[in-house]
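Could you slot chain A onto chain X? The hints should help.
Protein chains: 2
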Amino acid sequence: MLIVQKYGGTSVGNAERIQNVAKRVLETQKQGHQVVVVVSAMSGETNRLIDLAHQVSKEPDSREYDQLVSTGEQVTIALLALAIKEIGGKAISYQGHQVRITTDNSYSKARIKKIDADFIRKDLDEGRIVVIAGFQGVDEEGNITTLGRGGSDTTGVAIAAALKADACEIYTDVDGVYTTDPRIVPQAKKIPRISYDEMLELASLGAKVLQIRSVEMAAKYKVPLWVKSSFNNTEGTLVTSEDQQMEDVIISGIAYDKNEAKIAVRRLADKPGIASQLFAPLAESNINIDVIIQNISADGFTDLTFTVPRTDLTKALRIVEKTAKEIGCEKIETDEKIAKVSVVGVGMRSHSGVAAKMFQTLAQEKINIMMISTSEIKISVVIQEADMDRAVKALHKVFIET
Amino acid sequence: MLIVQKYGGTSVGNAERIQNVAKRVLETQKQGHQVVVVVSAMSGETNRLIDLAHQVSKEPDSREYDQLVSTGEQVTIALLALAIKEIGGKAISYQGHQVRITTDNSYSKARIKKIDADFIRKDLDEGRIVVIAGFQGVDEEGNITTLGRGGSDTTGVAIAAALKADACEIYTDVDGVYTTDPRIVPQAKKIPRISYDEMLELASLGAKVLQIRSVEMAAKYKVPLWVKSSFNNTEGTLVTSEDQQMEDVIISGIAYDKNEAKIAVRRLADKPGIASQLFAPLAESNINIDVIIQNISADGFTDLTFTVPRTDLTKALRIVEKTAKEIGCEKIETDEKIAKVSVVGVGMRSHSGVAAKMFQTLAQEKINIMMISTSEIKISVVIQEADMDRAVKALHKVFIET
Numbered sequence: 001m002l003i004v005q006k007y008g009g010t011s012v013g014n015a016e017r018i019q020n021v022a023k024r025v026l027e028t029q030k031q032g033h034q035v036v037v038v039v040s041a042m043s044g045e046t047n048r049l050i051d052l053a054h055q056v057s058k059e060p061d062s063r064e065y066d067q068l069v070s071t072g073e074q075v076t077i078a079l080l081a082l083a084i085k086e087i088g089g090k091a092i093s094y095q096g097h098q099v100r101i102t103t104d105n106s107y108s109k110a111r112i113k114k115i116d117a118d119f120i121r122k123d124l125d126e127g128r129i130v131v132i133a134g135f136q137g138v139d140e141e142g143n144i145t146t147l148g149r150g151g152s153d154t155t156g157v158a159i160a161a162a163l164k165a166d167a168c169e170i171y172t173d174v175d176g177v178y179t180t181d182p183r184i185v186p187q188a189k190k191i192p193r194i195s196y197d198e199m200l201e202l203a204s205l206g207a208k209v210l211q212i213r214s215v216e217m218a219a220k221y222k223v224p225l226w227v228k229s230s231f232n233n234t235e236g237t238l239v240t241s242e243d244q245q246m247e248d249v250i251i252s253g254i255a256y257d258k259n260e261a262k263i264a265v266r267r268l269a270d271k272p273g274i275a276s277q278l279f280a281p282l283a284e285s286n287i288n289i290d291v292i293i294q295n296i297s298a299d300g301f302t303d304l305t306f307t308v309p310r311t312d313l314t315k316a317l318r319i320v321e322k323t324a325k326e327i328g329c330e331k332i333e334t335d336e337k338i339a340k341v342s343v344v345g346v347g348m349r350s351h352s353g354v355a356a357k358m359f360q361t362l363a364q365e366k367i368n369i370m371m372i373s374t375s376e377i378k379i380s381v382v383i384q385e386a387d388m389d390r391a392v393k394a395l396h397k398v399f400i401e402t
Numbered sequence: 001m002l003i004v005q006k007y008g009g010t011s012v013g014n015a016e017r018i019q020n021v022a023k024r025v026l027e028t029q030k031q032g033h034q035v036v037v038v039v040s041a042m043s044g045e046t047n048r049l050i051d052l053a054h055q056v057s058k059e060p061d062s063r064e065y066d067q068l069v070s071t072g073e074q075v076t077i078a079l080l081a082l083a084i085k086e087i088g089g090k091a092i093s094y095q096g097h098q099v100r101i102t103t104d105n106s107y108s109k110a111r112i113k114k115i116d117a118d119f120i121r122k123d124l125d126e127g128r129i130v131v132i133a134g135f136q137g138v139d140e141e142g143n144i145t146t147l148g149r150g151g152s153d154t155t156g157v158a159i160a161a162a163l164k165a166d167a168c169e170i171y172t173d174v175d176g177v178y179t180t181d182p183r184i185v186p187q188a189k190k191i192p193r194i195s196y197d198e199m200l201e202l203a204s205l206g207a208k209v210l211q212i213r214s215v216e217m218a219a220k221y222k223v224p225l226w227v228k229s230s231f232n233n234t235e236g237t238l239v240t241s242e243d244q245q246m247e248d249v250i251i252s253g254i255a256y257d258k259n260e261a262k263i264a265v266r267r268l269a270d271k272p273g274i275a276s277q278l279f280a281p282l283a284e285s286n287i288n289i290d291v292i293i294q295n296i297s298a299d300g301f302t303d304l305t306f307t308v309p310r311t312d313l314t315k316a317l318r319i320v321e322k323t324a325k326e327i328g329c330e331k332i333e334t335d336e337k338i339a340k341v342s343v344v345g346v347g348m349r350s351h352s353g354v355a356a357k358m359f360q361t362l363a364q365e366k367i368n369i370m371m372i373s374t375s376e377i378k379i380s381v382v383i384q385e386a387d388m389d390r391a392v393k394a395l396h397k398v399f400i401e402t
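So the sequence lines, in the order shown, correspond to chains X and A.
Sequential numbering from 1 applies to the first sequence in the working numbering.
Sequential numbering from 1 applies to the second sequence in the working numbering.
One or more of the hints may lead you astray.
Identical chains share a label here; the pair holds if one copy fits it or two copies do between them.
[Claimed, not checked] Mimicking SDA-like on lysine to any residue, the simulated pairs with C-alpha atoms at most 25 angstroms apart in a straight line are:
hint, residue 1, residue 2
1, K90, G142
2, K30, I319
3, K90, H54
4, K90, D51
5, K109, H54
No wet-lab data here; the hints were simulated from the structure.
If we strip away everything but chain X, and leave its shape as in the complex, we get:
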């Protein structure tokens, strides 16, 4: 098999851990596999570099910033290749530009355009373990780019896709994807298999095990994606295409998100185009709107309520107030003390009654639902932040534990 393994910053945090990764990688090769390893910067290193940048520049130029922070991964690849050689393996390290990971030129959030797979295959065929720097690439002009925080996951999946690898294994400090956060619900169970779509919902809803883009890319190229622990040998979670087995499980997980805030615009004149007038300036300012609720109109007026990332609330409010002045409204209310709780599962498609059961469970807990939003495979509710833990526990009990 051809396996791509990705190790994050904590897994390569010091010389000893790098030696540990070297052992695991070499063992995998000795089991008869071809192995490509993608690594992040040693934990703490990227922050050290960012700190240096801020010592000389208040708002660092993004090209130079990428030139700087990409050194973090370069250090790790060289050290890992050295560690593999030290224990008798054959290894070679490559930076993004060396293995021709071509990206667009959006510094600090570049997107991969193509990877020269033949280049890597040649080394694999000669028995080498190929160690590749995650997070970084090069644009058409030869400028170094980076893919954004967590970009090493994306590098791993992109390389697996380019090589048509049999598996992409993401090694991290947790041993898989759980039905919910074990810190809130000790009964949370590891999910053995999950679909790409479910993983996307869980990731975007706050279960931050995998970078969303890497899951999207895995889904697009049908790369079987494993989430595993780099500190033990337990099975992990396989993220893959939907299958019958998954549909039998109605709900895969309960996700939550405490990073949103709510804005309610009261008694807007209900005319065509009002929503677009309100949301266009927010989009232009790169503020992501999540849940949107428009009340049924009464006397020609309506209420529009929506959520934005909590960090963007001040900025969003300023924009909304400006628009509201132009189009007229009674008042604008905000609420930062909210949380979003979601039940996610592909089984929902073929099973009715999930929403009813969810609302009933929350009602029994006397939790007030402020907003509701649904997709084919998830139902989300916005509630008071103070109610969140109780909601997650109750929903986990009803949908997962029983």
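Showing chain A alone in chain X's frame:
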């Protein structure tokens, strides 16, 4: 003018010093010049990386080692470019491979083969300060190489040569080349102008201001080379082609070297080929022989005395003992407590009596001369290490101060 400036590790040792370099560079540009800046790794950084390598590998593979240590310069170029932009300048940073510094593939001691000057000129013509990583390059296959300790000087001169720059300024923590080491002779004076040949003799004899290869390259391409301080604005030393003015000065400097050891092979059979038999195995082991003296033969026997780097003495002795067993000799003696003192000057060519004056001075000081070696522009003597300071002082007094 087109000026290449090179700043060493101590000159860019922290954020504040990098900001200081940014100011100097921008000032130079504002005086109407085009400026290329070559920088080393921040002082301490290369050692930190080497230490990491040794934590995972006893004898680090040289390709991976270069991949690792080259990150040091990459960090500095990005930070310097950021610092220049912060104070309103236009700057862009390039790694060796980005600016196409092509080398052979001798990792850790690579030699530059070519540099794509057009690439740099384009940025200069657009008003940018071009910041280039010293010490590093790329081989034809895209592997990262490094030029060896002090290689940033060579990068600076090579870029100056490729661009046909009007000057290459090497900024360091001393403010020029001195007539001898001021720590030994407080009366030592800064040399305003010196020829490439003299600089080579002074550099190779232990005045470690410039890397020898960079001076050789400057001589080959006739690059006017300035040695200046990055901490003040004094004039510095110009290393350039020989001219009449220089010849008027008979002796430019007194150099010394305490890093050699002496091996004497007594009563060798004096046959043709004996020297080659003795020295060939040393050359094969990459041991540099410096001074060699063969005594006049008596009764068909001769003595061969030579110096080797002190760090290679044990290894050299082992090799010589093996050879001596084959060819026969009376005994082998070694002496580590030696020093080489040299007077250097192009004026010597047209002035006789330098050697006589040197020997007379040492005789007056009752210093015993063990070996003598001469070239067109220098005379070296090997003496007891304990006599070295006195010898340097006396020679400086006679040749420089009067």
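Outcome of the hint check:
1. Taking the shortest Cα distances, K90 and G142 sit within 25 angstroms of each other only across copies (19 angstroms), while inside one copy they are farther apart (29 angstroms).
2. Taking CA atoms no more than 25 angstroms apart as the test, K30 paired with I319 passes in neither setting, with 59 angstroms inside one copy and 42 angstroms between copies.
3. With identical chains, the CA atoms of K90 and H54 are at most 25 angstroms apart between copies only, with a shortest distance of 18 angstroms across copies and 39 angstroms within one.
4. Only between protomers do K90 and D51 lie at most 25 angstroms apart by alpha-carbon distance; the minimum there is 22 angstroms, versus 35 angstroms within a single protomer.
5. For a Cα distance limit of 25 angstroms, the shortest separation of K109 from H54 inside one copy, 19 angstroms, qualifies, whereas the shortest one across copies, 34 angstroms, does not.
In terms of the numbered hints stated before, the structure departs from hint 2 and from no other.
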